[in-house]
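Model the full structure from these sequences, guided by the hints.
Read top to bottom, the protein sequences are chains A and B.
Following the working numbering, the numbering of the first sequence begins with 1 at its first residue and continues without gaps.
Following the working numbering, the numbering of the second sequence begins with 1001 at its first residue and continues without gaps.
Treat the hints as calculated values from the structure; they're not laboratory data.
Glycine residues also receive a C-beta, built at the ideal position from the N, C-alpha and C atoms.
The reader is advised that the hints may include incorrect statements.
Label pairs and their computed distance ranges (CB to CB) [said to hold, decoys possible]:
id, chain 1, residue 1, chain 2, residue 2, range
1, B, T1084, A, Y158, 14 to 22 Å
2, B, A1106, A, L6, 25 to 33 Å
3, A, L6, B, E1002, 17 to 25 Å
Below, simulated DSBU-like cross-link-like pairs (lysine-lysine); rule was C-alpha separation at most 35 Å, straight line [what the hints assert, rightly or not]:
id, chain 1, residue 1, chain 2, residue 2
4, A, K145, B, K1090
5, A, K39, A, K74
6, A, K175, B, K1055
7, A, K175, A, K232
8, B, K1155, B, K1055
9, B, K1122, B, K1155
10, A, K204, A, K74
11, B, K1055, A, K7
12, A, K175, A, K39
13, B, K1125, A, K7
14, A, K74, B, K1090
15, A, K39, B, K1090
16, B, K1122, A, K7
17, B, K1155, A, K7
18, A, K7, A, K39
19, A, K175, A, K145
20, A, K145, A, K232
21, A, K145, A, K39
22, A, K145, A, K204
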Amino acid sequence: MQRSILKDLLILLGMFGLIWLAASLFSYPENPQLLSIEKEERLGEVYVDLILLNPIFRELENERVDSAVRMIGKRLEEGLGHSEYNYRFVVFENEMINAFTVPGGNILISSGLIGFCDSPEELASVIAHEMGHVEERHVVSRLIKELGIDILTSGNQYVMGEVTGLLTSTSFDRKQEEEADQFAAELLEHSSIEPRTLASFFRKLEEELDNELMKHFEIVSTHPNFRSRIRKALSYVPGDDFEALPIDLDWEGIRAGL
Amino acid sequence: MEYHPLPQPDEIEVRVREDAMGAYFMMFATAAMGLPLPILNLVAAVIYFYVNRDKGRFVQFHTLQSLYSQIPVTLLNSGLVVWTIVNFAKDYDFTSYYWGYLVMTATAGLIYFIFSLVGAVKARKGIFYYFVFFGKVAYHQVYRIRPEHGTSAPKNRPPDY
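Have a look at this one:
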């Protein structure tokens, strides 16, 4: 009797041990909500520092440009209202036309992009798009999808190198890009910036798609579907009470000082 | 080792059957009330056992079987609650082992639920129903006292070994 009971017990333990093991080996779709904002911000600080150590992404030391970008960022943050992120905008010295998002609300902008934008509103539309990726947690989702949450938060130096590479050559899927576009249009409207600036900026990018300088720019990474994104951005109609307020900056002077 | 004979359904009073059935249904009620502190279910199960221990071996068997099978489920649930709270409190990651444990606990809970439901129905009919492992332990504990033989052509039989 006792042996029979013991046998049953071993069968039960073995069965549930196997269920645990098999279920642990199963690959679950990881949710960015599982990485807290605080942890994301801590990770972001580390990765921004790592990226800026690279000579390709050396931080631009130009008070005028910094101040202009801060002003645009502040306008957008006011339009955003409440956010769980403390945004940080960093301009790096590189002729490439590029901007990308690092976890924790860090948005890195190339001096080449600032030179490419004909107005502060165009730059605002790019930053608003990047803020869309931040708020929708696209960067964290992609990193978790690529690496898994355990590896991402491991702090291993090889992993950090890989993450840095992923962040600086970011490409999102079509759905994420469209979500960021929609977010940007709404944010621009709330910030009293003409939301269709995004469409005109996209059109300008489309004309330059062969430009080698923008080959790493994530906004154009979905270029086979770029036309539909332009159409969607153009079809965004702001509310009746919308009034665009220009961003008061000497843009030509800022570009000339780059 | 010899065991007491098992009573047949027609020998078990309806009130006794209902008390035996209550051991399983009581678990569902306390499980609902005990969340998110599953240990309360176990406390309630122990109380139910002591309250009903003098109502005959049939009730004792079902109460003990229900109580014993409740123990691992309670421990698994408690582990899950603690693990989840620690993860949130310490900002730890929800690893694949956590998700595996969650799946295992949910599976155990589902199996427990199904077995309890069947056990309750059988108990109400005056029939013995043996859970894997727990049924044998409960039977052994309740019926092993002195050897007796049952009536001819018994309907209720000990579990197969």
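Structure-based check of each hint:
no., hint, in the structure
1, B:T1084 <-> A:Y158: 14 to 22 Å, "31 Å, violated"
2, B:A1106 <-> A:L6: 25 to 33 Å, "27 Å, holds"
3, A:L6 <-> B:E1002: 17 to 25 Å, "20 Å, holds"
4, A:K145 <-> B:K1090, "23 Å, holds"
5, A:K39 <-> A:K74, "24 Å, holds"
6, A:K175 <-> B:K1055, "65 Å, violated"
7, A:K175 <-> A:K232, "13 Å, holds"
8, B:K1155 <-> B:K1055, "22 Å, holds"
9, B:K1122 <-> B:K1155, "13 Å, holds"
10, A:K204 <-> A:K74, "25 Å, holds"
11, B:K1055 <-> A:K7, "31 Å, holds"
12, A:K175 <-> A:K39, "26 Å, holds"
13, B:K1125 <-> A:K7, "29 Å, holds"
14, A:K74 <-> B:K1090, "33 Å, holds"
15, A:K39 <-> B:K1090, "11 Å, holds"
16, B:K1122 <-> A:K7, "25 Å, holds"
17, B:K1155 <-> A:K7, "26 Å, holds"
18, A:K7 <-> A:K39, "46 Å, violated"
19, A:K175 <-> A:K145, "15 Å, holds"
20, A:K145 <-> A:K232, "28 Å, holds"
21, A:K145 <-> A:K39, "17 Å, holds"
22, A:K145 <-> A:K204, "32 Å, holds"
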